[in-house]
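With these hints in hand, go ahead and build the complete structure from the sequences.
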Amino acid sequence: ETDSSSKTLKYRCSGCIAVGQSLNSRNFSNLLHSCPYQCDRHKVIVEVEDRYKSELRKSLICNKKILLTPRRRRQLSIES
Amino acid sequence: MFQGQRGWFCRSVSQDLRQFWVAEGGTISDAQAANFLFSCDASHPDTMRIYQSLDYIEDNATVFHACYLSAVASAEIKSSVPLGHFMLPPACLQKEIRRKIGSFIWEQDQHFLTEKHDEV
Ligand SMILES: [Zn+2]
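So the sequences go chain by chain: Z and B.
If you're matching positions, the first sequence starts at 1 in the working numbering and goes up one per residue.
If you're matching positions, the second sequence starts at 81 in the working numbering and goes up one per residue.
Quick caveat, the hints were computed from the structure, so don't treat them as lab data.
Glycine included, every Cβ here is placed at the ideal spot set by N, Cα and C.
Any given hint could be a false lead.
[As the list claims (entries may be wrong)] Simulated crosslink set (DSS-like; lysine-lysine; CA at most 27 Å straight-line):
(1) Z:K65 <-> Z:K53
(2) Z:K64 <-> Z:K53
(3) Z:K58 <-> B:K180
(4) Z:K43 <-> B:K180
[Stated by the list, open to error] Where chain Z lies over chain B, by a calculated footprint (3+ residues, C-beta under 8 Å):
(5) 94-101
(6) 109-122
(7) 141-148
(8) 168-177
Okay, structure coming up:
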């Protein structure tokens, strides 16, 4: 039973069943995120990637803050 | 099959696969304009640039392994190959993902792909 139910779930994962031209690099991530029946594979990939992306986002904001600090900006203009 | 689609190719992708893309009606473009991003190596500098882009951070840039194209080429019904099986995550995440789900589908296909390649 577990096997058949996991199969059903597998078939319902948007990342696994979606085919055709409408799907591409620009909308795939949103499609996966909005899928309530992600298969184990896609679920893991999405979780790991999401964590990584939020780290990237944080470091991006951090870098921006450093660049925008007046003292740092002065330093940069002296360096260049 | 790829009529009207714009593809970006990492330099890690072989000429054969690019030619297949074009033969199927696709055009080759820069990363910004492309709606398909293909790579064979997540640690290649070209592909790393995608992972460092704002598009990637904002969920607007999924890189797919270019062996999707070989799978399409060898499929009986070209449009039946699920693109989603060929997600190529950043190299620094692959070890963790592998530990949780085993090898990627594009790794499993590798043997079959090389066999196919030998025949040509
Ligand atoms: Zn799936």
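To see whether the hints hold, each was checked on the structure:
| no. | hint | result |
| --- | --- | --- |
| 1 | Z:K65 <-> Z:K53 | holds (18 Å) |
| 2 | Z:K64 <-> Z:K53 | holds (16 Å) |
| 3 | Z:K58 <-> B:K180 | holds (25 Å) |
| 4 | Z:K43 <-> B:K180 | holds (11 Å) |
| 5 | 94-101 | violated (count 0) |
| 6 | 109-122 | holds (count 4) |
| 7 | 141-148 | holds (count 4) |
| 8 | 168-177 | holds (count 6) |
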